[in-house]
Amino acid sequence: MIIAERKPLGEIAMMVAPHEKVTVIGCRSCVAICLAGGEKEVDTLVSAMKLKSMNEGRTQYFDGFVLERQCEKEWVKEVEDKILAADVVLSMSCSLGAQTIGDLYPEKIVVPGLNTAMFGVPEEQGVWSEKCLGCGDCIIHTTGGICPIARCAKSMLNGPCGGSSNGHCEVNLEIECAWYAIYERLKLQDRLDLMDTVRPPKEWSTSHSGGRRVIVREDAKLTPHQIRGKEASL
Amino acid sequence: MKRRVQVVICRTCSGAADVLDVDRLLRVASDAPYVGSAVIVNYACNKKSISEIVDDAKSKEVDRLLLVPCSKKDVSPTLFQAYVKKAKMNEFLMETVDLVGEAALPHRDDPARAQAKAEAKLLAAIARTALLEPLHKITEDMRTKNVVVIGAGVAGVEAATTAANLGMHTIIIEKSEKKLKVPGVMMTKSRVISTEGHAGNYSLSIEAGEKRETLECAAVVVASGGDWSDAERRFIDAAPDSKPLYQLDRDVSEGKTPDGTVIIIDTPDPEGARTAAQDFAWEEALDCAIEIRKKSPATEVYLLFQEMRAMGLAELAYKEAAGLGVTFVRYDAKRPPEFDSEDGNRVTVLDMAQDETLSIAFDALYYASVSPNPDNIAIADALRIPMSPSGGIRRGSIQRGPVTTLRPGIFVCGSAKFPKSEGMARLEGRAAGLLAAQFAAAGEVESGGSVAEVAPEKCSACLTCVRTCPYEAPFIGVAGKAEIAIQMCQGCGMCAGICPSKAIELHHFTDEQLLTEAAVYLRGDF
Chain F
1 MIIAERKPLG EIAMMVAPHE KVTVIGCRSC VAICLAGGEK EVDTLVSAMK LKSMNEGRTQ
61 YFDGFVLERQ CEKEWVKEVE DKILAADVVL SMSCSLGAQT IGDLYPEKIV VPGLNTAMFG
121 VPEEQGVWSE KCLGCGDCII HTTGGICPIA RCAKSMLNGP CGGSSNGHCE VNLEIECAWY
181 AIYERLKLQD RLDLMDTVRP PKEWSTSHSG GRRVIVREDA KLTPHQIRGK EASL
Chain S
1001 MKRRVQVVIC RTCSGAADVL DVDRLLRVAS DAPYVGSAVI VNYACNKKSI SEIVDDAKSK
1061 EVDRLLLVPC SKKDVSPTLF QAYVKKAKMN EFLMETVDLV GEAALPHRDD PARAQAKAEA
1121 KLLAAIARTA LLEPLHKITE DMRTKNVVVI GAGVAGVEAA TTAANLGMHT IIIEKSEKKL
1181 KVPGVMMTKS RVISTEGHAG NYSLSIEAGE KRETLECAAV VVASGGDWSD AERRFIDAAP
1241 DSKPLYQLDR DVSEGKTPDG TVIIIDTPDP EGARTAAQDF AWEEALDCAI EIRKKSPATE
1301 VYLLFQEMRA MGLAELAYKE AAGLGVTFVR YDAKRPPEFD SEDGNRVTVL DMAQDETLSI
1361 AFDALYYASV SPNPDNIAIA DALRIPMSPS GGIRRGSIQR GPVTTLRPGI FVCGSAKFPK
1421 SEGMARLEGR AAGLLAAQFA AAGEVESGGS VAEVAPEKCS ACLTCVRTCP YEAPFIGVAG
1481 KAEIAIQMCQ GCGMCAGICP SKAIELHHFT DEQLLTEAAV YLRGDF
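First to last, the protein sequences are chains F and S.
Count the first sequence with the numbering used here and you get residues 1 to 234, in order.
Count the second sequence with the numbering used here and you get residues 1001 to 1526, in order.
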């Protein structure tokens, strides 16, 4: 899922300082689960912002609530009145939620309360780690199920670099070396021959390097006929 | 619901510290919103007062009680039971506010401040009490009448014997190979690995030698005992012939008294972390010293200590020992005694009382300190019960539950909590065995009340509660949302505190109740 982290209070306060009516909107999806933007975080932030604004002598009104999924228009539209009544919307969702609100209500100022960090997994309570970069061309079947693109600082494709030391990465000794992990995994699975297979340079056009990606499923899209039917029934 | 609070102020306890103005407290309570009746009684735990309270509750048509000024764990359960039965109240609509422990005692030098704090706390408690909702319990049948006792020491055997005499089926789990004749079953070389289930229907995983077994039981008694052996290694190193005190105790009781000069010493403990562990040691040490001096007056006995803790009746032993010519030497923990074994056995110590350095040649050295059983960590883990900072198993309220743990159906006795004398261990073993038998004999167990509950429409099934709960109460149910197993929930509130979707609420500790209490306390108005 998407892992995000709340911005420092000072930074958030600075973004909303010029505005009087602040609506804080959280999301019950990924960012709730990674303890960054669920109802609890929204409540906490609203209280903290009220105190900060009072302490710094501003007259501001804070109101907070949470949507099921902020990245979907239908959920956002359910709280249209609250968005329209605000001077600024402080989104406590990943950047997708913030941009969904911004795209739906282009005249509204939307500011991010979270830093969207990565695609990650909860390792244990309170610890999340990155495991995918969204390159658009998955190769983990050849690397023992471990992604070297996301888990190696250099996204190396054919074994570790010279900085791998005792299973750790030279960038930060607390990070494991992805290729060390891959080697260990392949050894366990008795597939070390895969270490000898040369992977040619990766086709990066499926990644962000190929420009903004849009995925279309023609079979899932509504036909013009269906759209007309829907409009007629409304 | 009426939300009319009956405020009962107990004069005995409120006046105990001689700081609070009880009549003023009554006026404050009478003027507060939601208060249907405010009365002063002489002693709330007394039968006569209880009937006064019940009569007042009936005539004033209140539906809840706030008892001032003690904490819930110190109130006589009879009061609450009578209130439920005779005044027909929900048992969860009874609250207390501890004005003695939280206002009178901490501020006894400043009565005005104590009174102000007491009044604010009283008003806050009234506001919170008014917001409480009635709660209910569920009952479940017990599958067995088994009582498991962990440890076959003095306390454990006593507990098992007591429970067995009351008709329970007892099983003793003992880590060593020692075989004893005990009622019921005794499993040697075995230990508890983990617990499932809940009070009344626990299911213990036992490792017995090579085998793993599951043991169903209604109640558990922890009697893991203390430990003499390794904690004092450095004394053993410093003076090669040193022995633990229990050996001296054994010798003396067999009529063998040592000759020459005997030293009994405790453990230097500059941080003061282990003083509780020394009580027992000193009782034993004094007894030994007295016996030696009586039987063999030529033997010199020195007691070297950092802090002598001869509690209760043991003080008489201290007096007797002093009368018999035992020499007491108090040393500074930061300058512990130094041993020298080259020139015979010799110890150099600064006697703080005389401010004089003594050099004592001795023939026998006994170390008089014990520590909690190091296995307690594993036992506490397996049973999911909290420990005390000194490494023992944490007990309940000293007045109302000295041999209970914080988990219902699990009891603790003897040195498992902190080192105890043999007589005390036996007494506690009997108490724990009795309570465990009583618990198991009931045949059914109640749970619920102030437990957590999930609002499924808010739950994201994020597993945070499942990962966080120390008791494994939350699980993801068939609807794909978190649910709380009421029997497992201990009402600790960790899940409610961490739930990112605020889907979990702990009954009686809802946001509204807590925030109102805080707001009233801080502002002094509603």
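Heads up, a few of these hints could be off.
[Unchecked claim] Between beta-carbon pairs, the in silico distance windows are:
| id | chain 1 | residue 1 | chain 2 | residue 2 | range |
| --- | --- | --- | --- | --- | --- |
| 1 | S | Ser1450 | F | Glu123 | 28 to 36 Å |
| 2 | S | Lys1137 | F | Asp137 | 56 to 64 Å |
| 3 | F | Lys21 | S | Gly1491 | 38 to 46 Å |
| 4 | S | Ser1450 | F | Ile109 | 38 to 46 Å |
| 5 | F | Asn115 | S | Gly1491 | 49 to 57 Å |
| 6 | S | Glu1213 | F | Asp219 | 51 to 59 Å |
| 7 | S | Arg1335 | F | Ala153 | 16 to 24 Å |
[To be verified] Derived BS3-like pairs: lysine-lysine, alpha-carbon spacing no greater than 25 Å straight-line:
| id | chain 1 | residue 1 | chain 2 | residue 2 |
| --- | --- | --- | --- | --- |
| 8 | S | Lys1502 | F | Lys82 |
| 9 | F | Lys40 | S | Lys1458 |
| 10 | S | Lys1175 | F | Lys77 |
| 11 | F | Lys82 | S | Lys1294 |
| 12 | S | Lys1458 | F | Lys52 |
Please keep in mind that the hints were generated in silico from the structure rather than gathered at the bench.
All C-beta atoms, glycine included, are put in the ideal place defined by N, C-alpha and C.
- request: For the pair supplied as a hint, Lys1175/S and Lys77/F, confirm whether the alpha-carbon distance does not exceed 25 Å.
  value: Cα-Cα ~65 Å, so violated.
- request: Mind checking the hinted window 38 to 46 Å against the Cβ distance between Lys21/F and Gly1491/S?
  value: holds, 40 Å
query: Regarding Lys1137/S and Asp137/F, is the given constraint of 56 to 64 Å on their beta-carbon distance met?
result: holds, 58 Å
- request: Take the C-beta atom of Ser1450/S and the C-beta atom of Glu123/F, compute their distance, and say whether it sits inside 28 to 36 Å.
  value: holds, 33 Å
- prompt: Taken at face value, is the distance from the CA of Lys1294/S to the CA of Lys82/F at most 25 Å?
  reply: With Cα atoms ~89 Å apart, Lys82/F and Lys1294/S exceed 25 Å; violated.
Proposed proximity, Lys1458/S with Lys40/F (alpha carbon, max 25 Å): holds, 11 Å
query: In this structure, is the beta-carbon distance linking Arg1335/S and Ala153/F contained in 16 to 24 Å?
result: Violated - the Cβ-Cβ distance for Arg1335/S and Ala153/F, about 55 Å, lies outside 16 to 24 Å.
- request: Mind checking the hinted window 51 to 59 Å against the Cβ distance between Glu1213/S and Asp219/F?
  value: holds, 57 Å
message: Does the beta carbon distance between Asn115/F and Gly1491/S stay inside 49 to 57 Å, or does it fall outside?
response: violated, 36 Å
- prompt: CA of Lys1502/S to CA of Lys82/F, is that 25 Å or under?
  reply: holds, 21 Å
query: Range hint 38 to 46 Å: satisfied by the CB atoms of Ser1450/S and Ile109/F?
result: Once the Cβ atoms are compared, 45 Å apart, the range 38 to 46 Å for Ile109/F and Ser1450/S holds.
message: Please verify whether Lys1458/S and Lys52/F have alpha carbons no more than 25 Å apart.
response: This hinted pair is violated, its Cα atoms lying about 29 Å apart.
In the structure shown, a violation is registered for the earlier hints numbered 5, 7, 10, 11 and 12, in ascending order.
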